[in-house]
Structures are given as structure tokens and as C-alpha cells.
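*Asks:* Heads up: the protein sequence lines correspond to chains A and B, in order.
So for the first sequence, this note's numbering puts the first residue at 1; every next one is plus one.
So for the second sequence, this note's numbering puts the first residue at 1; every next one is plus one.
It is worth saying that the hints were derived from the structure and are not from the lab.
Predicted, not measured: the structure shown is a model, and the values here were computed from it.
Do not rely on the hints blindly, as some may be mistaken.
Below are the DSS-like pairs computed for lysine-lysine, each with C-alpha atoms no more than 25 Å apart in a straight line [unchecked claim]:
1. B:Lys17 / A:Lys118
2. B:Lys17 / A:Lys58
3. A:Lys118 / A:Lys58
4. A:Lys43 / A:Lys17
5. B:Lys37 / B:Lys17
6. A:Lys146 / A:Lys58
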Amino acid sequence: MIRVQTEDFDIGAEIGKMTAGNSEIGGLASFVGLVRDYAGDEKISSMTLEHYPGMTEKQLSRLEAEARERWDLQDVLIIHRYGTLNPGDRIVLVVTASAHREASLESCQFLIDWLKTKAPFWKLEDRESGAQWVESRSEDSVAADKWVRVTDA
Amino acid sequence: MQVLYFGWVRARIGISKEELSPPPEVTTVASLIDWLKGRGDGYATAFEDSTSLRVAVNQEIAQLDAEITDGDEVAVFPPMTGG
């Protein structure tokens, strides 16, 4: 399941809903992304996330489908927030559930790596020196590329 | 044709979307961008460096040489920074 929202989310409640009534789940992995209060050596007072409504939902659904195709998963949850967030606020939640740990751990990392470069979000940081768009990082492209399968190329 | 802008592309142009009727020679995203550059300084600045632009056609990631027609939804934006 995917959700794109301005509201915060409750990690415990989300995991509880996922596992309730599904005792085939033997383990789950989660990743929570948070707003940092610095960029380089500058303080950040807030971050505003903009996204492409319509395309965002399509891309996140596609990522979920790709994870389910590659791993044997019991469930997948991706929640991505947009709007203005403060340092410490939660931005994104990825939870993957499987019978055995490898599938959930690997697919969770896969999803967050691909979200970085394939989910249409853009971040504007409110820094001491003024507003600054967050640039894509080459490390993120490298992390995303390591999941590309030879057959996809 | 509906054209959308996001991130610093939107900020430089000053609007997030517009309905456009480009001339017939505009057949690809690249030619649309070239045509838009002539519409004002904001566009010229936003589209200065085409290597830093990413595009989508009808909400699917596309390349600059992708063909476009009248009813398409075309979006131009910086590299995505999700997560």
C-alpha cells in the first residue's frame, strides 16, 4: 500500500495494522526518514517538500510492485509526506514484511534507494543563508543503480 | 498541451503549470523547451542547462527526445530527491 500525505504517521500503529491477522509474517523491516537540522555546516529551520500529484502515486505503486516481484513479500507499506516539515519530523516510512528476514531487509533497502531517485519529490530547505533547493546526490544514484538488474538494461 | 514545472524550474519560471499551444515544429520535449526559452528570462534561466533537467510525458519518466502531441501532459523538473 502507498500513501502520499501531509499528516504525520504512527509507526507502531502502521506496523500493528500490517501484522494484525497475518501470522504468515515472520519478520518485517522498516525505514523512517527524518528532517535533519543541518545541511553542511548550516542550520535548517524547515524543509518544504513539493511533489507531482498523480505521478507520485504512480511511481510509488510501481516501486511497490517491483519489490513484490523481486522478493517474496507478505506486505509493503510506503508513506511519503509533503508540505512544510520541521527538523525531527518524519518524512517517509517504508515497511516490508515477509516470512523470512532476507526478503524484508533487502526489499526495504531497495525501496528507499529507489525512492531517492525515482519518486517525484523536490525539497526546499530554509537555511540561515536563505532558501536552498536540495540537490540530488551522486551517492544516491550509485545506491539506486546497484539494484538495476542486467536484464533491465 | 498542459505543461507543468517543479522544484527550481518552477521557482525560476514563476508558475507551476500552463496550458500551451506550441507551433507545429514543436514535436519533442527538447523542441518544446527550446521554444519556451524564447518566452522570457525566467524560462531561459530555468532551461539554461539541459543536462540538469528531467522530464515526464503523461506522468511517465521520459527522455528529452520523446515525441509529444497536443493532448499530452509534459512536466519539466530537476532531478528527483525523494525519500
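*Asks:* Looking back at the numbered hints, which does the structure fail to meet, lowest number first?
*Replies:* 4
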